[in-house]
Amino acid sequence: MTSVTELQLTNFRNFCEAKASPSSGINLIYGENGSGKTSLLEAIHLLSTGKSFRSSLVDPLIKDGEKAATIFAAIEDQNKVGLTKPR
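According to numbering that gives the first Met the number 0, the stretch in the sequence shown is residues 0 to 86, in order.
Simulated from the structure, these hints should not be mistaken for laboratory data. All C-beta atoms, glycine included, are put in the ideal place defined by N, C-alpha and C. Check before you lean on any hint, since a few could be wrong.
[What the hints assert, rightly or not] The list that follows gives simulated cross-link-like pairs (lysine to aspartate or glutamate, EDC-like), each with its CA atoms no further than 16 Å apart:
#	residue 1	residue 2
1	Lys79	Glu31
2	Lys36	Asp58
3	Lys66	Glu5
4	Lys62	Asp76
5	Lys62	Glu5
6	Lys50	Glu65
7	Lys36	Glu65
8	Lys84	Asp63
[Stated by the list, open to error] Computed Cβ-Cβ distance ranges for the label pairs, DEER-style:
#	residue 1	residue 2	range
9	Ser20	Ser55	16 to 22 Å
10	Ile25	Ser47	15 to 21 Å
11	Ser22	Val80	15 to 21 Å
12	Gly24	Ala67	20 to 26 Å
13	Arg53	Thr83	31 to 37 Å
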């Protein structure tokens, strides 16, 4: 199974800038309601499938007041993948 070693979000949902470096094992994501836990999972899903599991529209994915959202991931086999969604 391929693992994400780095995830970067820019203007995605409620994140201005966010960076995560998951470990190769099991990762626990926790926080207050509305803090972005599901948004992190949505970003990985969007990057791997090209679709959101929460919305068929692009606008809800982009932080209010911004023109585009970017998701970038580094994969354990040294590949990198990114996606920019403009309004």
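field: Which numbered hints fail
entry: Hint check: 1, 2, 3, 4, 5, 6, 7, 9, 12, 13 fail, others pass.
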